[in-house]
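The primary structure of each chain is shown beneath.
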Amino acid sequence: MMFWETYLLAQRAIRRNVLRSSLTVLGIVIGVAAVIAMVTLGSGATAKVTGDISKLGSNMLHVRPGQGMRGPGGARASAAPFKVEDADAIEHTVAGLMAVAPTVTVARQAISGSANWSTSVTGTTPAFLDIKGWQLEEGRSFTPGEVRSGKAVCLLGQTVKKQLFENDAATGTAIRLGKIAFKVIGTLKEKGQSSFGTDQDDIVIIPLRTLQRRMKGNTDVSAIMVSADDGVSTETVKADIERLMRERRGIKPNAEDDFNVRDMKEIIDTLTGTTKVLTALLASVAGVSLLVGGIGIMNIMMVSVTERTREIGTRLAIGALARDVLMQFLVESVVLSSFGGVIGIVFGLSAAGIGANLIGVPFIFKPGIVACAFLFSGAVGVVFGYFPARRAARLDPIVALRYE
Amino acid sequence: MGDPMHAKCPVTRNLIEFQGVTKRYGKGQAAIRALDGIDFSISQGEFVAVMGPSGSGKSTCMNILGCLDTPSSGTYLFDGVAVGSLSQDQRAILRRHCLGFIFQGFNLLSRTSALENVELPLIYRKVPVRERRRMAHKALAAVGLENWCHHTPGELSGGQQQRVAIARAIVSEPRLLLADEPTGNLDTVRSREIMEMLAGFNRDQGLTIVMVTHETEMAAYAARRIHFLDGHLVDNTQETEGA
Numbered sequence: 049m050m051f052w053e054t055y056l057l058a059q060r061a062i063r064r065n066v067l068r069s070s071l072t073v074l075g076i077v078i079g080v081a082a083v084i085a086m087v088t089l090g091s092g093a094t095a096k097v098t099g100d101i102s103k104l105g106s107n108m109l110h111v112r113p114g115q116g117m118r119g120p121g122g123a124r125a126s127a128a129p130f131k132v133e134d135a136d137a138i139e140h141t142v143a144g145l146m147a148v149a150p151t152v153t154v155a156r157q158a159i160s161g162s163a164n165w166s167t168s169v170t171g172t173t174p175a176f177l178d179i180k181g182w183q184l185e186e187g188r189s190f191t192p193g194e195v196r197s198g199k200a201v202c203l204l205g206q207t208v209k210k211q212l213f214e215n216d217a218a219t220g221t222a223i224r225l226g227k228i229a230f231k232v233i234g235t236l237k238e239k240g241q242s243s244f245g246t247d248q249d250d251i252v253i254i255p256l257r258t259l260q261r262r263m264k265g266n267t268d269v270s271a272i273m274v275s276a277d278d279g280v281s282t283e284t285v286k287a288d289i290e291r292l293m294r295e296r297r298g299i300k301p302n303a304e305d306d307f308n309v310r311d312m313k314e315i316i317d318t319l320t321g322t323t324k325v326l327t328a329l330l331a332s333v334a335g336v337s338l339l340v341g342g343i344g345i346m347n348i349m350m351v352s353v354t355e356r357t358r359e360i361g362t363r364l365a366i367g368a369l370a371r372d373v374l375m376q377f378l379v380e381s382v383v384l385s386s387f388g389g390v391i392g393i394v395f396g397l398s399a400a401g402i403g404a405n406l407i408g409v410p411f412i413f414k415p416g417i418v419a420c421a422f423l424f425s426g427a428v429g430v431v432f433g434y435f436p437a438r439r440a441a442r443l444d445p446i447v448a449l450r451y452e
Numbered sequence: 316m317g318d319p320m321h322a323k324c325p326v327t328r329n330l331i332e333f334q335g336v337t338k339r340y341g342k343g344q345a346a347i348r349a350l351d352g353i354d355f356s357i358s359q360g361e362f363v364a365v366m367g368p369s370g371s372g373k374s375t376c377m378n379i380l381g382c383l384d385t386p387s388s389g390t391y392l393f394d395g396v397a398v399g400s401l402s403q404d405q406r407a408i409l410r411r412h413c414l415g416f417i418f419q420g421f422n423l424l425s426r427t428s429a430l431e432n433v434e435l436p437l438i439y440r441k442v443p444v445r446e447r448r449r450m451a452h453k454a455l456a457a458v459g460l461e462n463w464c465h466h467t468p469g470e471l472s473g474g475q476q477q478r479v480a481i482a483r484a485i486v487s488e489p490r491l492l493l494a495d496e497p498t499g500n501l502d503t504v505r506s507r508e509i510m511e512m513l514a515g516f517n518r519d520q521g522l523t524i525v526m527v528t529h530e531t532e533m534a535a536y537a538a539r540r541i542h543f544l545d546g547h548l549v550d551n552t553q554e555t556e557g558a
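Residue numbers (the working numbering), protein chains in the order written: chain A, 49 to 452; chain B, 316 to 558.
Some hints could be false.
Pulled from the structure, derived: some chain B residues nowhere near chain A, Cβ distances all over 10 angstroms [what the hints assert, rightly or not]: (1) Asn329; (2) Ile347; (3) Gly370; (4) Arg445; (5) Met450; (6) Ala456; (7) Gly459; (8) Met512; (9) Ala514.
Heads up, simulated SDA-like pairs for lysine to any residue below, C-alpha to C-alpha not over 25 angstroms straight-line [what the hints assert, rightly or not]: (10) B:Lys441 x A:Phe51; (11) B:Lys441 x A:Arg358; (12) B:Lys453 x A:Glu53.
Covered by chain B, according to a simulated footprint, are these stretches of chain A (three or more residues, beta-carbon under 8 angstroms) [to be verified]: (13) 351-364; (14) 439-451.
Read the hints as simulated data drawn from the structure, not as lab findings. The C-beta atom is built at its ideal place from N, Cα and C for all residues, glycine as well.
Here chain B stands alone, though its shape is the one from the complex:
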């Protein structure tokens, strides 16, 4: 299986593969199946929108995708690595090197400059200071905030804050970007800006994105939409080859 840090795979393989993934919470009679035998795969370079009402299992699915949680049964292969068999620390290292996260509430460190926020993942990657600074500047430039480096989140608008968060997510050039309701706290104009930006990264740099949203308009930016209902995948509108 190899070290997840150095796992490099041929592009032809699916980046993400769910094989009968089930997630149960609780025990016995009271057990709830948040995910009930899900099969699907996502290839490198896809932009996927995950939709569904609350309690449908999409959050659980995102947690598993983000290697924050592991399936109760079934297999989740990330780039050919069975995530369920990794230890907590190994999963943290996998996240550190291969994943980027964007949250609905931005989750930036308060009273900390945009630049330092963006540098955060690189600190855990032990990137030397000078290199780190250069990469962070580049990432902030990529989201159009090169002139806002030294502003703290409190001095930035919601849209700008989310752009800082995007810069933080892409600064380490992840294999997969996970976005959990990235436009949930933003107005329509800012939402569209953010979506354009994400779609741009997907189109220009081939960044693989999986995004949870309940807004159809935002989901439309994605090439592929997956619907969850009661722990099942009900609708898989896709143009490419499927599970």
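Isolated chain A, as found in the complex:
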């Protein structure tokens, strides 16, 4: 029998029982929609993470003591901390750098009058703002003199400002960080949540020396942030910094680094790796529902074969071959399942569109996954339609014609 005829026949058989057909298809619709929505939202999330980190500056590098994310935390703790001199050495020795900023971060209670807020205090130099690309909303940054002498001045992130002052002016007032009084010289523009899920506005920035002397009582630097000039490869800069730091820290040629230099690409890879794994996990859970949908189709096709036993008998009597009957039922289940696939794709994309809006990630249309979902739903029809179709094709016409 010609394929087109078989298709029309299948379509007619499906239309003969619209309600049942739609219920049958529902499983596939939900399965496909879930997979499509998950994957689309997942790629949106990945794109957002990548985009956000790139916004931080794709030319940014972090230099930290310890072995970084590779080993357990103990390695970092045992490694000697950096000093300001290390940052200076990087700035003066490594070529192609835009800025270098040594940083130390501590947790402190910020207090203004009766308001108080637990936040993180970062001690650094004004270069930090350049590297991060952060801008002031009002006031001014530190002067070189304030940095050098370790003055008690600070810049507030928007969250801290709101917690302490609500809508009142902050610049020019005095707050306390722990037990020490600081003068607020400016506030930072709102930056929102980072891809790491932390509030980037929950921060107070003070001169590095102030923090070292008056809060920690040492000259340690916990991380050095470096940004390369535009057009300079972060790979080269990274290699140069590594060579320099090995030399300064006296690491033997075969020994491993007791510090790590990470560029944004690595951070992006780590983070997108996580979202990708999560997406795959969610998509496979959704895939299970596709399987369940397939079983639903098989179930209904079995019922359909039983119900239409006399029809099958008649067809066989008037000259249908067993394989014509097989094809008829197989095509019917494939038409059902791929129809479900198409509806599922539409639903999935709409859900992903709405979802992307709600959670604030970009909507990324992936034709590959849509094609995949469609083909997979068709395959579900073949796999789960085959058994009922074979049962139909193997009917004895004599028995089938007498079936009541």
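On the provided structure of chain A, position chain B as indicated by the hints.
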């Protein structure tokens, strides 16, 4: 033996020939002989009524005649072709091209128009759409249903449904029309209409018909009556030459 699809035979030969046809069901002691060495033949253009009580073997005989079943032993020649030696698919193709069926329960596809029901055998014959439509219209006109083409079986009376079934059976111009209790579900008036129609096709177009019935009145429309009893042919009232 040749391809059954293209087997064309001289009219002088018997269309159907049973030579010692036996059909056994089961094995050993429990075996039942539904047909026990039957010999008979039917020529082109005959109208034969097959009669007999239930369990007499007439259904088995019809199944074999319709190439749905094969003899356990003996030979069934359809137009000179030994059906017993054909594969299942070959028998399906033989049915497709040479046989028409009418059933007691009509066996029309529900929620499918009369026209589409009649087209069904032509689909399996791979007749192009336009030609198919033309042939189906012609067949429906032949049974007097040219104005009911787009009605579904649910919208037709029993007699009309059986006429659609007859149209479906004759649309492919078969060599042999097999009717299994065609009037079994109909009242006397409709039954007579159907019988008149079948007798007309036999008379005017020389269509060979074998019909199972248990109603003597309906059997009377046939020129020849064959009686079955316990797997044997007991009475062969015939005017023409016999087995």
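Results for each hint:
1. Asn329: 23 angstroms, holds
2. Ile347: Holds, because the least Cβ-Cβ distance between Ile347 (chain B) and chain A comes to about 16 angstroms, which exceeds 10 angstroms.
3. Gly370: 14 angstroms, holds
4. Arg445: 14 angstroms, holds
5. Met450: 14 angstroms, holds
6. Ala456: 20 angstroms, holds
7. Gly459: Fine: 22 angstroms to the nearest Cβ keeps Gly459 (chain B) off the interface.
8. Met512: Given that every Cβ of chain A is farther than 10 angstroms from that of Met512 (chain B), nearest at about 19 angstroms, it holds.
9. Ala514: 23 angstroms, holds
10. B:Lys441 x A:Phe51: 11 angstroms, holds
11. B:Lys441 x A:Arg358: Answer holds: Lys441 (chain B) to Arg358 (chain A) is near 23 angstroms, not above 25 angstroms.
12. B:Lys453 x A:Glu53: 21 angstroms, holds
13. 351-364: That given contact holds, which follows from 6 residues of the stretch 351-364 of chain A lying within Cβ reach (below 8 angstroms) of chain B.
14. 439-451: holds (count 3)
Violated hints: none; the structure is consistent with every hint.
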